[in-house]
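Asker: Residues per chain, in single letters:
Number of protein chains: 2
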Amino acid sequence: MRMSTLFLRTLRDDPAEAEVASHKLLVRAGYIRRAAPGIYTWLPLGLKVLARVEAVVREEMEAIGSQEVHFPALLPREPYEATGRWDEYGDGLFRLQDRKENDYLLAPTHEEMFTLLAKDHFSSYKDLPATLYQIQTKYRDEARPRAGLLRGRAFVMKDSYSFSVDDEGLARAYEAHREAYLRIFERLGLDVVPVAATSGAMGGSRSEEFLHPSPIGEDTYVESPGGYRANVEAVTTVAPEPLSDEAIAALPAPQVKDTAGAETIAALVDVANQVAPRESGTWTAADTLKCVVLTAVLDGGQRRQFVVAVPGDREVDLKRLEASIGAALGVSGEPRLEAATEADLKRHPALVRGYIGPGAGADGERTVLGAEDSVTGLPLFVDPRVAVGTAWITGANADQRHVFGLVAGRDFGWDGVVEATSVIDGDEAPDGSGPLTARRGVEMGHIFQLGRKYAEALGLKVLDANGKQVVVTMGSYGIGVTRALAAIAERYHDEKGLVWPRAVAPADVHVVVAAKGEDAAAYADQLTGELEDAGARVLLDDRAKVSPGVKFKDAELIGVPTSVVVGRGLAEGTVEFKDRATGRAREVPVAQIVDEVRAAVAGSGSDA
Amino acid sequence: MRMSTLFLRTLRDDPAEAEVASHKLLVRAGYIRRAAPGIYTWLPLGLKVLARVEAVVREEMEAIGSQEVHFPALLPREPYEATGRWDEYGDGLFRLQDRKENDYLLAPTHEEMFTLLAKDHFSSYKDLPATLYQIQTKYRDEARPRAGLLRGRAFVMKDSYSFSVDDEGLARAYEAHREAYLRIFERLGLDVVPVAATSGAMGGSRSEEFLHPSPIGEDTYVESPGGYRANVEAVTTVAPEPLSDEAIAALPAPQVKDTAGAETIAALVDVANQVAPRESGTWTAADTLKCVVLTAVLDGGQRRQFVVAVPGDREVDLKRLEASIGAALGVSGEPRLEAATEADLKRHPALVRGYIGPGAGADGERTVLGAEDSVTGLPLFVDPRVAVGTAWITGANADQRHVFGLVAGRDFGWDGVVEATSVIDGDEAPDGSGPLTARRGVEMGHIFQLGRKYAEALGLKVLDANGKQVVVTMGSYGIGVTRALAAIAERYHDEKGLVWPRAVAPADVHVVVAAKGEDAAAYADQLTGELEDAGARVLLDDRAKVSPGVKFKDAELIGVPTSVVVGRGLAEGTVEFKDRATGRAREVPVAQIVDEVRAAVAGSGSDA
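Chains as they are written, first to last, in full-length UniProt numbering: chain A, 1 to 608; chain B, 1 to 608.
Each hint can be trusted.
When the alpha-carbon atoms are kept at most 35 Å apart in a straight line, the in silico DSBU-like pairs for lysine-lysine are as follows:
hint, chain 1, residue 1, chain 2, residue 2
1, B, K119, A, K551
2, A, K100, B, K48
3, A, K516, A, K545
4, B, K461, A, K24
5, B, K126, A, K496
6, B, K126, A, K545
7, A, K496, B, K119
8, A, K24, A, K516
9, A, K468, B, K553
Think of the hints as simulated: they come from the structure by calculation, not from any bench.
All chains should be built: construct the whole structure from the sequences, respecting the hints.
Answerer: Structure representation (structure tokens):
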């Protein structure tokens, strides 16, 4: 590659819409260009890096026996209809019609198609296990595409799928992918933390995300000193043991008290300590039960109201609640949650704002909440901490009145238990491995034990060793390839530009002609040839009429790991050997430069 | 690759929808699978061949200094709106909206995006010439996808674009591509004929198609002994010299005659020879003028009626006429043509079915045809053979009456000249190089001198050497990559299966274990290792419990150029060395087999 002809124009200014360093630098250094919101064009340097990242992924996939295929991005509706995902994906799916008005989509992921292909190919347990993969552009109509390649609407993904005859086979395929993923990210120079995750629209049982710790990450995960790690959406709350019937019977009966002015939790705690002081110590927010009215907007637009009850010292975490509310409501997909509006509340006069509780209403007979037999008919879901036998201070469903000592499971029931509250630093890990700490990360990969969901929906069965038809069990495994490239750029840069790790750099060495005259140019040409003969990929800055200062700035922006500067030293038989990461430079005799570069490329050289 | 684990299931039966051999065999041999009409999934063997074809294209593009980029397939409407192609493409474009109801398309080709990218990068003539390319999946909503990969709705294309400061630069870039294309097709083993072509929706001046002669081709081209070659759509008719005004004035006046029963050309010729015998010889169909009423359906659905007049010995060729009628009617795009219906004709009582002519109507004053001042107001277009001064027997616009000696340019005028008739074997080439012969071919590539159409529409200008802003001139060059693969399969197969040329074969050698027992299997494994060490790509049929007969059939179907059969001869130290193309086989001592294969792969071996 010669800079004099390379299709490249570096930019001095950050693109207006860019917020994160990787986005700014990949655009400024001429790797990508924006074509539409969340949709990018790859320029020559960018394509080279992308090909390197893909090659790493491909090698590790082949190493675990996965075979490459390639599905269309444009697909008919029917298979996605059969599994329910045509609707479940909601607005996130690009849908279109062909000239005959048949429905099509741009595939966000290919479980259905792989299942159907497997059905075409497999008939016996002897055909299994098998793993297939593809590297392909996927489409998702993100509501808020952002951060350049980190969250785009068209992105390259490696997706693979395993097919096994039984659960043990699935577990083995899953483990093989898990290890391959760790190797891939290690080769790409990206720290990743595998964390327990929820399965979302994908379905299935076990799943883990590979998160790259980063302050710009959109995911939050927690870890404990004992090694527990999970996406906050997947953290299960440690619930107290339920009390026995006898112990519950022995608890005092609930008492309604005047609590004028106690419309916030803090105010309620104050009032409670005045009107009904605790026998020992004082009431805290953790003793109160907060009932929050919410609306679930389902795929398809229907709105379903419900109430969630959580301890008063916790906030409702809509993202966590979204992950579990679909199952609780008995609907498919992940409904979007909204706070109830004033109008929503007015439709239920029994709900007294600031004094809503799960117990009996103002009529004293029927409860206010609960899907059946309650005044409102609104389903009530509770946080796991609201265990049977726990006693609460909560709204009495009457203006300026609260009830004290309302016992869960005795004085009120519920329609389901949901993970509804935020995880807080210091919460206990569910496996007893100690207190949790929260961190932010970028999701680099996600592996799923899908199980039989897709195989059942699409009829993928094989004969087992006993000649009996069994449904195949599947795994699905994704890596964001373009996102990985962006994460590398995000992790490896400084204020001057990109600093590519060798494994993915667009070139091995950047030769910069910094001296004037034909001798320097001719030598640089000759050196480029020698380096290429030695197997190095060379980017040669041979631009005439461009100052050495501009060339150095461009080299730093582009971020090739090693530079060789052909400058004034050439007259004395030396060139400058420079390391991009450390910025260190030293003069090297021309007779030794090829060996130095070769050692640096092989990773065995001392740095400059 | 080991057949025991390869994701492959060969089929005995042709797929129901397949008409051509390449489609049947690529599906049966497990290279592709249909996902939707005109949309295919690539299986492992198919991907390997596709990668080989792409590599050849990539090498030849790099060799002419073209640099690879990659644009999104999903693009916003605006750039295509600016050039008019959003509408011009009509139903052939896949259109969709995102969640914000912005219009998008799946790109059928990328002129607009390349032009805009060039505008971002180039500011001076010093930045030019430049050539960029991509290899990418394109989308076109074909009305009748057919013949598998030969005419699909999603297909891989290499498209490149040249940017030059002046016409000479464009001519050089065009010539470089022309030569690169000839090299590419030669390496792929495909004969191609570059023929002059029309530019269609692409616009621009000079263009050539690279047609691969094949009986299943959808294009017809003609060639002359003197080397003239053109797509029939682009052939220009040799028109007679127009007569001088004096010569025309000397021609006899037209005479109307009764011609009862002359409703076809053949009948008219008979009747004419009876009612008005020619002075010397007889009247033939070539002396009559046929007026055909047609409807042009424009992009957007409007219907425009017009009449075309052609010599009676010629048929109207709708495909050729479609290529020129848009310009004649002054509309953009390529309107679709339909014969006028009974209802269409009834709207114009002056049109007497079977007796329509371009001259005066029944009222004897105003002409019947012509956009202005005619009775019907229908535009009249004529074939180039209807030159000024030619005299015709044609309809008199009165029942059972024709006019004799109606002189073009004296007795009637027209609104435009169009290429409206079929080219017939024996027609003269327009360059005087002799009589034309028609052949069928598959369009493998198309190169265009676009000129300044896109650069003007999108404002791509640079400063020239005098500091003056000039509009850049562009070329656009496409190769159908997946179509090339299908054409190779079509060209190289026999009744037993595919017969890949070495340059694109999915493997270099197919090792078949045909003897039972561990010795044969162990030797085949060892041989595979040795062949791979020698640089050969090996497909090893190591399937246990599969008969030699089935293995041989699969090998013939898959079509790897060379096979090595490990059979009974192994006990005597020989294996069978087989050539797929000729079917010839001979025993080779195991000590020599690696050298034999290496020589065959290098193309220097004697065949088996």
